[in-house]
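Two chains, each in its own frame: build the complex with the hints.
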Amino acid sequence: MKKFVLNILAGMMLALLPAKAAIARTYPDALAKAGKNPIVIFIYGANYDKVGQKAHEEFVKKNKISPFIKQATFLEMPLYQQPNDREKKDMEKRLGNRRLPGGIWNYPCLAVVDSSGNLRAIVQKPEEMKDPAIALEALKVHLDNFYKQEKLLERARKAKGEKKADLLLEAANIDIEMPKDFLSKGEKNNLEDEAGLGNRLSFDPTSLVEALQIKSYDEANAHVRRMMAQGGYSKLQRQMMMAAYAGHLRRGGENMKPASKERLRALYTEMRNIDPKSTYGAYAEGALVIWVEGGTLTDQPAPAEINRVGNVPDDGNSSGSGTRTAMGDTVISTDDVGSVDSDFEGPEDEEE
Amino acid sequence: MSARLIQLLTGAFLFFCLGIAVFPVLFPSKLERKVATVRSEAATTIKRDHQIDDWDTDEQVEDDDSAWEEEPEDTTPDRRIARQDDETFDEEDVPIDPKQNVVPDARVQAEFTSALGEMRRFAKALEKQEADNFINDEFKAADWADPEKIYFTLADRMLSKMGKLDEATIMRKLQEPECRLDLERITLIRKAGSQSLRTVATRPKGKELLAALSRDLNWMTNLLHSGPTKQMEQVLCYLETLYGMIGEQEMSNPVTRRIATTTALEFAREGWGEQEMVNRFKYYNGSWKEGKLNIAFDDLQYWETRFVTGCKQPADGAGSWGSPRNLTWHRDNVRLPMEQYLGAECQLAYRLRNVAGDSVFSSEYLAPIWKYVNFTTGWAYREIGGVCGALSHYATFSALAAGLPASTMGEPGHCAYAMRIGNEWHRGNSIYWQHSLHKTFWDEPEWGYLILTQKLYDERFKTLSADIMVAMADFLTARRKMKAAFTCYEIAIKAQPNNWPALKRYAAYLKLKAPQDKDKWMTLHDTVMDGMGKEHYHAAATMQARYVYPNLAPLVKDRAKLNKMYSGLFAHFKDWGANRWDITPILDAQISTCASDDDKRAYLKEVLRVLMRRPDYAGAVLTWGLGYISQLPEGDGKIQDEFTNMLVQAMSRSGTSRKDMDATWATLGEAIHAAAKNKERRTFQSIGKLSYNKCKKKFNKKGPRIKGFSGRVVSATGWIDTATTIGDMSQCCLHWGVLQRFGGAMPGKFEGKAGLTVGMEKKCDITGVVCVSSEKQLKNDRPFYIETSDDGQNWYRARPDGVISGNQIRFDLKKSNVSGKYVRMLREGDKYEPGIAGFYVYGSPQKN
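Taken in sequence, the protein lines are chains A and B. Note that the working numbering has the first sequence beginning at 1, numbered continuously upward. Note that the working numbering has the second sequence beginning at 1001, numbered continuously upward.
To be clear, the hints were calculated from the coordinates, so they are not data collected in a lab. It is possible that part of the hints are untrue.
[Stated by the list, open to error] Simulated DEER-style distance windows between Cβ atoms:
1) Asp1443(B) x Thr298(A): 29 to 39 Å
2) Ser278(A) x Ser1630(B): 56 to 66 Å
3) Asn118(A) x Gly1343(B): 14 to 24 Å
4) Glu87(A) x Ser1436(B): 33 to 43 Å
5) Lys277(A) x Gly1317(B): 19 to 29 Å
6) Glu87(A) x Ala1145(B): 53 to 63 Å
7) Ala222(A) x Ala1349(B): 26 to 36 Å
8) Glu1148(B) x Asn84(A): 47 to 57 Å
Just so it is clear, CB atoms sit at the ideal spot from N, CA and C, and this is done for glycine as well.
Next up, chain B with everything else stripped away, as it sits in the complex (with noise of 0.2 Å):
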């Protein structure tokens, strides 16, 4: 009986085990409902880009914690603030005020001045308080075991001073430094999350940090405010780690403390690990101290300094540039003015291979070497020499090691630099517009962003304005205080509509509360066009098509206004900006609109009528559309034909006077390399032809001498392209040139094997193949060779090899019985190779 009562007992208490369990999957609490909601909304609504992190330890932050699990939650509500990132928007579980709770109409621009006038005065007065920076210890370190307690009390505080949540009041307030300091700390606190504090402050470094941070206006401003603000939990862990290494009295110190915070800052941005992050910190701390960084570094802002202190590859070792004792090498052994780091890649000598013969991307390149440079990057490439690679980094690194701005990137098989003397940003070792640096804000590594960038930072109080305005529209979200919450997101990018960060925030907003206010959109897409649009052109149109298009056009049922306002945006621009950059995700994203085809006929011809007569886009606009039609499903081939007719005929409209001539010749070779990179063989030689007609002084008047094989010149109707990476364009119409009688001219870098391709009109029976090269005698140093093949894929090597006369390359295949629709020539090795002059393939088309 008592075994039977025992087994009931046990049975009871199991399943009452169970229950608790599986309660809160079953019956979640309002704060998670409502998060969840959100959030799903959220990532239903907001496109996120692929650069987004996934914050997928979230979840974590309401893991673990029995204490609040045992709470009932009907009762006491969850208090816990989760950590709130910059893509999502997370609400609390408030009352709603009906008054708040309404989307406010859209403004006209009249309708902001007073607004506007009142935001120059507050970034006169941050500029001002600045010099006497705000202190207030009201938050003690032993308070910071409890930060949602701070969290509620600066929250209620903060509304309570707020009044009516009227603009002019929130302004008005947020110009009184403790009023600052106060939505700085909900801030910090919604931006690391209460239970990530709440660990920090169980150590006593940590709740120390926490408390002098806190305290410290200028500091929390800095922190929060100099660019993005990713894994804040982990920048605090690494500023603890550093104060407890060198206490408070030299985190005091500005120079330092500025090194210590963007050190964090970019370490945890980027993932790096807590034992680099302190090796950096300890070079450039140690460096400056030792007065051995160069001067400029002293009066840098933070958001310059992480530039600096978050260089990449900190690790320690060979091949590392960012290592300490690279840093120190650099730092002692290329000692200049400013000026002069840009072309301090001199000091290194290019070379492919070392001079044992080992190649630059092999390992044993260096490896003989690193012991006898102590494992130093830059030493050892000083030693040897290198490549575009090596090259930049040297001298972007000897940059970096004396504190100044840098950084590298990459360019289509290239890499390059970007280097700052004083405030603008230059170029170095740079050969093609294509830049993708390496060191980018907003995950946007092309040029236009980082000049951007700059110019954001150069109105240094009008953007800090801007990001209070920011955060406080953050944290009126939270607080479920929609119109405010408007208010305050619509001021902050009038105010500095430069602000790319609070543009995507806030149509990420708008999206998620409103997104069918077709007013609210076009006066998003008009302060764009207005502020960013007049001189960030890359920037503007990206915002245009990633955010605001794809919102907008659905509301715009006009299809004809709506292809004014894609016309117009490239109607807005003069030129290309501080940048040429790819115009090809803007025509998708506008094209992409278009629901039939005759909606995209339209769109073409109003947007072929605005890009043709602007020199600077017509090759790009071609460019893009000869891709575009590459890509269309077969069909029958109307809208093909119709769209390749309507980029002919805008080709041939454009200009023959002297003055366009250049204009003509390069927006003709960029769409005839792209022609060449989508096989379309009639394309190509229409725009080819075309250059010969409108362009005959750019080509050779005489041709190359040759003897040719049997049969005619079958390559003289098909297409040719190269392997070698083009990055100025502006020549290829002599592409075609190089398959005519009188020739051309085309790079002759191959890429590892391949070399050059020709697509002909139809199979042919070869008989031979001359290559003509611009050198006068070709070294016969390496073997050149045929290949053939019927569909572009599967390729066959014919024989023989190729003989090498003076200047030419000859392929006898009489004998060889090949026949092909492409051909290809191919050499062993990866040497450069002189430029092309003529390539020929002699035979006779297949009759079927």
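So that you can see chain A by itself, here it is in the shape it has in the complex (with noise of 0.2 Å):
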């Protein structure tokens, strides 16, 4: 009896949770309802996909998505393949007069839009969302880093000076979009910036490569710590002024000599340092393979033999699973090479 009351309330205040999260049935309606909160807008193949179906099971019919969700806003975003005219109508219903945000790349998602209709977060990759628990804790993590955004984009709203600066270089380093209109035009100009926000947004890493190819490796080299020095940019960022810098010494310019392999090993491996997980560390790693190692990536499944008979053995082969890690079988080691690029005289780098 004691275990069925105890049942009860706990029924009770599972299903009192979702009720803190707003449901919207249009976009328009979320982008009205939402306030200072995120929308997190389920999205998916209503009738051209069985895998979409799925999810929608699993994460609205099932309800797991609720315990999540909080003072989110939450829309169902079916999407018809070919609609007939009850789906066009159903489309246009839920739309509105509005689109969803660019920068979706793959359905089933849920995407964590702000009031204004900024994508500020995505969970998209077909890992994530095959399973409930994986997406929900992803979604978590991107709603918890939305409010902490969020306050400090609120706090620097009501800031001025460099003190405003530095409030929305912390908010940018959060690990989610910033909204698009965050700084307008006349602020960015205005804008008191030590902390080093404008090289952020003003970077181009083709004008860098452009800027790099006609300087002696000197310069290059002055060129590249002193922005550095500057401070604002990002890992990624850092990671390309790395790529660029490395990539004229790796190559030469006109009349000069590619640099040794130590000098590029010191460069790469500085540059994958700055952020080993990150694809342009993983660029960094294979860099330090082939260009500097002298070796080749191999990945290598033996082609199975055919038996004319008809017993094909099941290798494996075709299902290409796109989870295997990278670099697994490659080691370099980093102990003795310098983490800097010890042949010129540059400030120090310091880790984000």
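Right, here's the structure in full:
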């Protein structure tokens, strides 16, 4: 009996939880309701995709998403392929006169959008979306980040001068997208920016490549080190700077010999160490293998013999899973190399 | 003595052996003689286009079968069924029926009325019967050890059922499923060849497959009539592998069977390996079973599934888009509704150089990232970015991975793609009209053929009924029933006039059996115009130019009539049809039938009369005309002058009203582009001036302000060309403006080092060159330099290099003692350049 009562109480408490979350029927309705809270949109293929339909069953129909929504506004957005009249009407009704934000590449997904319609974060990787537990954990992290970032942005709105720039930079360092309009043109021009927020906003890797390729190695080093010292750049941007710089030295400029392997080792190691798990961290590690060690990046599923009478062994080669981790069998020792480009003098690089 | 006897016996034995070896060479069997004769006739009379395979394995069919070779040739005829391809007509060694050994008279449209009515009923019967699939297991697995026996049993039965071989009986009988299954079995044996089938049947799974396949009418029909059936023996080997791998039960699932059959068909046709074929099958079958493909895949027909399962680059590894691992990645990471795959390339950053500065065309571009992305091509480009090739492949393979038909396609200096949404094909990332599809059924890569293919198979049962009639005609041809074969081919093409392969096959048969029958060629000409010519202009014109004109033209003695027929082709077309197409091969084919200069003049006059009235075609015909003139042997230059005058007059006649101005501008743009490419200075200038007079509003009023060099602007009367590929030629008259004081516009996207070239009227002493950019402030980050030449072949660098000042690049050559008839400007590197607004060469013409 005691257990029964406890279960009832627990059930009632659980039932109360989703009540905090607002459920919107349409996108304009969600934007209007959201205020300072995020909107979580579950977008899925309703009439063409069994994976999407299954996800809809798990996330929405079984209500697994409710405990994670909290103060956010929840919107369910079915997508139709070659919609019939009824489906067209449904889509028109749900979207109103708005369009979903760009940057969504894969359905089903959980998009975190602010009340201005900016896409701030998204859970869309198949390895996340196939399991509600993983997807909702990722969503939770995004929502926590949203609130953290919003708090900082709110403080920045009230602040002035350097303080404002510092707060904005701190917000930008949180691992979700900043809203597009977080700084007006006028504010951008009058920003007192010791922290280097402007550097981050105006960074263009292509221009950097062009600027470096006509410089001597000394000049290129000074240029990149100066940029690094100015601060404000994200880890990704700093890795891109290193890629451009190391690329210039690897190829050799006009009337310049390519740099030594030791110098490249130092640069690529430094680049990797900025953020080893990122794409450009992996790029740097690959560069160390092929351009410094002279090795090759390999992956070798041996082709299976086909028996003409018809018994083909299932070697699993066709599955081509995208979840295999990179760099698994390549070990690059970092103990014997410096973490900075030791041939050049430049300001010390600080880890973010 | 005994040793001598042994020597004699040995010698006699060796002589005997030699005799046996040489005998068949000197005295071939009847069948070999017949096949050889028909083939050699076909080889000489059917013009093979360059894409047709050689089928050089045909000889192997008759090799290595000592059991057959040992049979006395005159008493037991060789019963092997040689593999028949789509380009030749093999006849068997059967007696000729005199009643059937005649070419029937050409028939007018009215005489087809009842046959076409019967064909409509046939198509309806096919549709009705598909739901209740017909199964007949008359031939068991063991029977396939002797495919010849099966063939001759079926052939005799088929002919006896068809009675007198009149068209009514043939069409009525083919509506019976058992009769159709017999015909499909015959077709299968003829397409694969009996030797190949026997080899397949020696293996346990092979004979099981043949039994299962040949008892199922729907499976046989889909295998044989869903597009090209090249390398059928390889198709069967591949199917055997898949059948052995998954077993009969799974193979009986309609979707799995469709995936298996289309994969085997496409991999055999493309000549791709077995391991890749198995991997591709496993990808699609596995994905479908897991419910991971787009639901539209479930309802695809066999022909459209071939676009999907036959997508290119099947090998595993870095850079391959069609590998299972890449398809898997796209399937799971780019899941979209069908409509959104069109434009999915926007998920990639457009980057000519990566952030390390490596060119997208270098192997360094993606090298360090491959392991991180598990050697997955689409993933690699999504991380690093790419240019048109990567972007178009990304969108295409995202759709293909989901099981939706799509294909990449080439354009001049660019890569785009085609994607089907519903039943309509759309272009993606396309910037030019010249599309060359990478997946085609008939080796015709242009857009019009894709639309034709779609249209053909949209009318599925109408097309199937025609295809079955063609199969019947092929069988009758093999059995030397010429009259009935002609009837079946003719009804087939009348019933489905969009059937490109059937029309091609009929034209080849007509050329083989009745090359001088003018009425039949004329009927074929009219069939093409009334059928395919209603909507599919490019295909219709190509059919005429490639297969009809070369045979019909020599039979039409009245030149004026022939010219009317030629111009009538274009008079028949309202516009470009599904897409713009290249009319050059058609005009070339037409003018090539002109024997004398007089014939050519008359032809050109007639064709210009018609085409210059059609805004869509006018520019293209002028371009062709200018190109044609430039290739004529020099002679006394009279014909060239007459042709040029005709073209310029034709241009001058084009309208000047506001409504006409845009069309005229575009027409002249194409023509001036051709003149520049052909280095025709006078024509270039004539068209330039004409365009200025007719469309003054299109030019600037004032030119750029320039401080010149000594002498006069000697380039103003020359031609100018750019190394940039120009897709849209409608603005090319502004190239002429680039040489004039008021300026013009030319794209500045250089390719490699080559830039602009100017050909002047005479060799000149050059004092300087000024190039005016459309960009206000040029970056001073790459050297520009000038080269000159007397002959346009050998070039010499002039120094000093250009000096950049604002929007101008100035070359001061006063002290350089530079001369030449041709001047070109180049620059280091391969960056995109802004447009060019003016280009002026200063100096003075040399007297001699």
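Regarding Ser278(A) and Ser1630(B), is the given constraint of 56 to 66 Å on their beta-carbon distance met?
-> holds (57 Å)
Could you tell me whether the CB distance from Asp1443(B) to Thr298(A) stays inside 29 to 39 Å?
-> holds (37 Å)
Hint check for Gly1343(B) and Asn118(A) - Cβ pair distance inside 14 to 24 Å = holds (21 Å)
Could you tell me whether the CB distance from Glu87(A) to Ala1145(B) stays inside 53 to 63 Å?
-> The hint (53 to 63 Å, Cβ to Cβ) holds, given that Glu87(A) and Ala1145(B) are roughly 56 Å apart.
Between Ala222(A) and Ala1349(B), is the Cβ distance one that fits in 26 to 36 Å?
-> Since the Cβ atoms of Ala222(A) and Ala1349(B) sit about 28 Å apart, the hinted range of 26 to 36 Å holds.
Using the C-beta atoms of Lys277(A) and Gly1317(B), is the stated range 19 to 29 Å upheld?
-> holds (25 Å)
CB of Glu1148(B) to CB of Asn84(A), is that within 47 to 57 Å?
-> The hinted range 47 to 57 Å holds for Glu1148(B) and Asn84(A), with Cβ atoms some 54 Å apart.
Return holds or violated for the Cβ distance of Glu87(A) and Ser1436(B) against the range 33 to 43 Å.
-> holds (37 Å)
Checked against the numbered hints given earlier, this structure breaks none of them.
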